[in-house]
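> Since each chain sits alone in its own frame, please combine them into the complex, following the hints.
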Amino acid sequence: MKDHERRSKPWEGDLDGAVLGGVGIPMPHIDRIVRHEPKKPTGRETAKRKVKQDEPPDILERWHEMTIIAQDPGVLNPSATNKRKRILRAAVKVPTDRIWPGPRSHRFHVVGIVPDQSGSMSPAEDFSAEKKQSRDNYGWRFDDQFENASDARLKRDPRFYAQNVYAIAARTLATFESALGRRIGWAFDSHQLYLIPDAMEMANAFYTREDQAVCFGYFFDVEGNDIRTCLSHDIIAHEVTHAILDGLRHRFLHPGVPDQAAFHEAMADIVALLSVFSTRAVVERCLEEDGKKSGKFTMSRLKKSTLLRLAEEFGTAASVGARPALRSSVEIEPENLKGWRDKDEYKLPHRRGEILVAAVMQTFLRIWEERVNILSSQTAGSPSIPLVAQEGARSAGHLLKMVIRSIDYCPPVELTFEDFLDSILTADEEVAPDDEHKYRKALRDAFGEFDIKQPRTEFINLAHKPPHYETLNFAEFIRDRDEVFRFLWQNADILGIEREYFTLVEDVQPSVRVGPDGFVIRETVACYVQSIQGTLKELVAHSRRKLKVPEGVDLGTELRLWGGGVLIFDQFGRPKYHQRKDLWDWPRQSKRLRELVREGHRGPGGRLGFSEDRSITEPSQLHSTIRQREGEW
Amino acid sequence: MPRVEPERVRVRMYNIGQGDCFLVSFEYAEALPDGRSERHILFDFGTKRLAEGGPGTKDIAKLIKEHSGGTLDIIVLSHRHQDHMSGFGVASSKVILDKLNPRLIVRPWTENPDLDPGDETPVGDLSVRFQRFLTDEGTLLGKRTSAAELLSLAGSADDVVAGFAEVAYSQVKNKVAIDQLDKWARDDKGFYVHYGSDLPLEDFIPGVSARVLGPPTPDQHPDVAGQRSDSDEYWVSLSSVLSATSGRKKSSKARGARGESALTWPQRWIVHRLRRVRLKHLTELVRWLDEAMNNTSVILLLKVRGRRLLFPGDAQGENWEYTLSEEEDKHELSLVDLYKVGHHGSRNATPKSLWNLWNEESTRGRRIACLMSTSPGFYKGGERSHGEVPRETLVAALRERMQDDFYSSHELGEEEPCLEIACELSDPGAAFERV
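For the protein sequence lines, the chains are A and B, in the order given. Here our numbering is used: the first sequence runs in plain steps of one and ends on residue 790. Here our numbering is used: the second sequence runs in plain steps of one and ends on residue 685.
The hints are simulated quantities; they were obtained by calculation from the structure and are not laboratory data.
Straight-line distance between alpha carbons at most 30 Å, and here's what the computed DSS-like set of lysine-lysine pairs gives: (1) B:K530 <-> A:K312; (2) A:K504 <-> A:K694; (3) B:K602 <-> A:K705; (4) B:K580 <-> A:K500.
The shape of chain B in the complex, shown without the other chains (with noise of 0.2 Å):
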């Protein structure tokens, strides 16, 4: 029996603002057995601020039913952050999504709510450790600040307070959005991936294969939990981060408890400064919590007749590392055709190790349509710490590898709810060319 094989993959980049929404689509010349002639994944549905003038995520939700033709095959959410999955847990989105009868729910190892440490496999100690921090109901800021007091705060005229507020707004936990999740990946169509893992996705979308390459466990790859973490230091450091945000109560008593005004002058002074240095703390903590949420991204290349299509959720530079020193990944690597642009266009997600595969002497001359979904002016970073998103020498740099092929969504205009480019897999020569 002859392979079935897609004639047309279709990448759709939903204007979705400072989050991640994209549909890929695979087109065959013939109904497959189950009737249907196209193969859908939805990669990640969320965001931080809604594109100005764009869509909101209910519309948004309807064209991808739209586009879908009524199903989805996959979902594959990168990594258990709000501008990635926000849209999984608004109401009205959530409905239209749940009829469209997702069939696999592929998540990243960190949340799987089984992990069982084995000797087999790369989830040792370590790695359950970390998984525990990462998502014990009691780490998580959202048990005690609501998004909504955050999202004021954030606006907030002090510097410290905003700041905080704004690193902490992404750790507040989408409970409604992680339900929605679990409930679809009920019976046994829950999968959770690192580094290796043997995704069966042929099973469900005929000739088209996937490699995980990302992200590997802290049992593979000690650094993606964060620096040094197979050292003491690290775990009294990720220690402060569960102390932070427990909201555990004081042991000590608050002996004759009273209030600020019996306070005497140089007391008021010294307490004024340390709610300050603890919200200064905190930021800093919850910041690092952040970064290693991002490296639990997976980073998937999915592969159809001949073209590799990159997905790295918000990988940072630790999750990359370790694919980065195999030589087949790195040989896969600089063969892509599409890819989409680490962490909204940040510095860090798109390491340079990465880049010069795209730009040695027999790799140079190739296409690579590029996507970046994000919302300027967002994270305006400063001078020093490079951390405006998207960084400008970054996309300076695509955009004179990629040329016309590079496509960012804040250049959608407002009647463009999403941006389509298309490959023609039957010929051998073709690239992505937009619809």
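The following block holds chain A by itself, in its conformation from the complex (with noise of 0.2 Å):
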């Protein structure tokens, strides 16, 4: 297919494989490689355009088409006209919003106003179509000022960092959306995620959820160059993930099984990697690249490749150059891992979730392997690069989609890796019960050589004791959290829930998906937590003896006890589906318990297991200095 005609119809010929697709929103394409041909517009050309703005809205395109920076400066397109190589960037399909100074939608709002040194602010840009029309029309266009820009102008100029920033969290928002079939809220009062692409120099991003904003740092490499991390499209797909996961599963963040954290941090990796198939033209260049320097296209290629290498040019500048990403999950060996629950270093989020994104990403080079065997068969011969591209798109979108699917699934507190192999597989078998692909298939092997396996999953058997829905109303049930709780209440027994603890239905929402005969299925996800405190003497009591408390530890420390699960409901409104998490799981908190201690998670009071109150989303690699170690007093 030719770029143009990608441009025309960016989903066409991919409503399987769908990259980011799913039902109602078809997930855009970045489809078309921005060749560095600086021009001047031509006079017929600058009376076009003008005409293309005074249009009203009545006929909005569904996209805005926006420039960002394929993954980060350091990535370089290797185009065979030009001799200079210049900066690897893409014109991707953004969901149309009005967009106002900032940019900013109904979801985000860029704040590019940061105070610099002498105190002064640099503006918020207009980046509106309409910028002399009226109030009425304003900003449904959106104006991309970038497309023939200069490297030296994308590096330098804030308001690109603006619009990049801004146009890959809306297509990271969009592919949640997507994949769930509903909006997503975030996890604080506000609409808008404030993003903010000049936060701070330091090296590092983060999510805040009480400042309700996206933080991109920069920093000077050994040689003085700026790095940015709101250049580096990975980086700004990770944060905002953690935004959107916040907004599903806000317990997540909370400190508990050292699986949940990294959970976090897992999720926002796989969703940057995966998030670059998307651009099969982008692929294709780096496709290219990686072909010049070692000939012969293969998986272990393939596993070096730039595409699966998170944050290269962040990792590069702040490394001292051993390893050139920040993290390169993909080549992680499993046997090297052995007994890795053990080990100190895996207790750390981001390196106990690169397990999790070694499984991931090992699953889809299988399947994407398997893919180009089947084309190289029917080819007999190598496969074009294209249609090579073209299937590490399907597989990418695929897997994706799949793993954001499987959060609806997964249990609202003290989530396992066993878990959310549970949710994916479970999620999965929902929508494509043959596995026609073997994609389960082949994330139970790759999961499993890390020694995670599926546990026992809990189907609800509606034969023998069907609940009550005598005093219900479906229309509410379906929708509202007293209704569905009273739902819980009447069939507690059924659904294995302990009516003694308190219990509070946190969320209901619809799930909208297209079922295996091609029809739209409306699924209804309620999640609800349960807990208990009291001091560690009361709770070992209650458990009778069964709650573990480590040695050296006052059995007057207040703890808090979480238990919950997640419901999903068919569309005539029967639970399917119960994930959950019992609070009276005495192992498992004594586990929990045993980790809060390590961690030294105190709340004020030296209570256990409540919120800290230090933002718990802001970067923690230098928090271990306040936490109270082995061997001190």
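Structural data, given as structure tokens:
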């Protein structure tokens, strides 16, 4: 397919593999590599542009087209026509919104007006194409001012920083909403997430719930070049995924079992890595470049590809040069990780998360390899790079959708890697019972190599004990928390929920997807939590001494315990899936208590298991300095 | 020729408030070749806050002059922190000390201006890189913020601002003090040590030897530079410190810069929030740098006629770990007769593995004189962070173990500018007694 054809039909031919596609909103591909061919518009083009700007918004396109840096400024376009390589960039399609200065849409607010050292501000730029029109039509169209911009301008212009973070953030959110079939809210009390491209001079970027923002830092490498995290596709996608995930499961950021914090990091990495493959033309360019370096296309070669490395420029600038990417989980070999659960270094969220990323990315490679092998057998030789790229995009898109959909099936507290695997497999069975392309088998195999096995899933058997619906109103039941709690209260015995504990239904959400028969299915996802709190002495007694307290911990210390689950109701309101973490699972609670003590997660008054009063989403690399460690007083 | 050995060792802890200042004096039965019958080592001279009603730095300088008889043989600067060296930079006390003509200036390896990585030494690329971060002019907050500004901020009603200022204050480079020490160190009188350095103490103080137990260089023990300093993530974090404190100009031009009044309401909200986020983050980074600097502390074990005197500066866990992993060092440490409490009694400067050495069956009965220079209430800490200095649980344990041999500077009366203990070395069974 030629470039201009792809642009006019962004999702054509991909409904099955649907790179990031879903029901209702097909996901955009980055379908066009922007070649750096700076030229001044002709008089005719200027006139055409003016006419277009003056058009009323009643024939709105579904996408704004925006120029972004495809990976980061360190990844160059190996264009054969240009001897001098330039930053690999792409024109991407971003869901249409009314864009006000910033850019500011109904979900994002880019603020590039951070006070500099002299206390002055740089302005929020107006990206609207209708600058001279009345407010009625203002902001419906986007004016991409960087389509032909030079590399130097991209690296230096704060307005481009703003456009870049906005475009990638909006696409990432659209990816999730499309896979889950619904809008996703933030974890804080606002509709708009702040994006701060030049937040501070630091080698980091982070999401902070308390400030309703994702902050991107910048720093200088040893040669004095400025490295901006707001120009890295991977870092933007990673941090925005943290914000989205927090909106879906806000308790995942609370102190708990080590897998849970690691999952947050892993999910952010997985989305960042797999979403690159939606830029099929970019994938082609990278494959071409890799091909030049090492000849034949192989999986081992792909493992080392730029495509599968995270934050390459950032990692290179900040490291001694031994490892060019910040993280390259796909290269982790399972045989080197025997007994990783007991190793201290894998208690750190980033390190532990790498295992999950490795399992998913190695699954992806297996699927891609299988697809390419089929192509090879059909084409009697090495398949062309566009075909290989297409298969990569399909595989990545499908796997990413599986992974995102699984979040609805994850319990709201105490998530483990095993729960995650279980959720992916169960969610996928709902939409693709026959597993035609053996995705689930590949997942099971790859996770198994890292010693992550699917636990026994508990399905609700309605045959013997049908639930009571007598007092329920169906219309309310599929959207109202109180009504779902009524259902839980009436059917606690059938569902295996203990009424004795405080119970709160936190969330009731619709989930729309296409079933195996091609029809739209509407499910309802309801999350509930249970909790109790008391002194360790009281809780040990309550557990009949099954709760084990680590040596040296005062029995008068207060502890809060959590349990909870997720219930999936089918389109008729019948519970069909219940993933739960029983509050009275004392071995699990003992393990969590050990972790809380070991990590020094104490809230005000020395209490354990309560939220700490600092931001839990800010960078945590340095927090260990304020925790009590072994051997201290 | 019979070996010349001191008859008595005398240790004075000056009541300097939240800081350290110790004078160790060795007294000989007969005059040494230069006609003096004493030798003196000054361990640190600095404070963050003078003791209420106690002596000023000039008063302490005068006392040092008096107690040393006008000559200082050795000055040991444990590490480059305000509370260990400010006295060297105060004009009135500097003039007094200058006349004492110190003969040797001992400092940690990170202070060596001519650090050269070599194959034979434990100073490799990692160490040089670490030193550059710690001592590079550009990394220090002092370039951007003055001590006076930070002190005024420390009293702010805003917890975040005050917290930042308090931690950052200790990072402010006291250029005058460093210049003074550099001046004394000219003509090959500077000696820079790391774990295992061969400090020629006998040449200056007959009959006294020293074992340098810390700091290890990052090439000897990567953890001393922070967690996992052999990993890329570590250097990413350290780059943050460098960036955050360097005061380097932003490269992006402020296009059409304008004042805050031009902001929309939502913009104004996030700009205010962001200022706090930046300050909190900077506080974390500076705290980390502070701990890294503490871990450059010289740990010196003085040995004289079977007695062992342990001066660890502000060494924290990662610094201690290295020496405590060596059996021979552990044996030496188990037999100390005097312990200068690390880091003014903070929670992480007297590791329990060291503590346990003094509480084994064979060592439990030994008398150990314990000197703690501190000012309770300066660092209040919190219930979660256990950051109060001195740490209550440590003080309680020290009192129980050391009994009457535990001394804290804050318990000195207004009339007592220093506490003095001495040990008669000629009596093999004698311990340190208060004078």
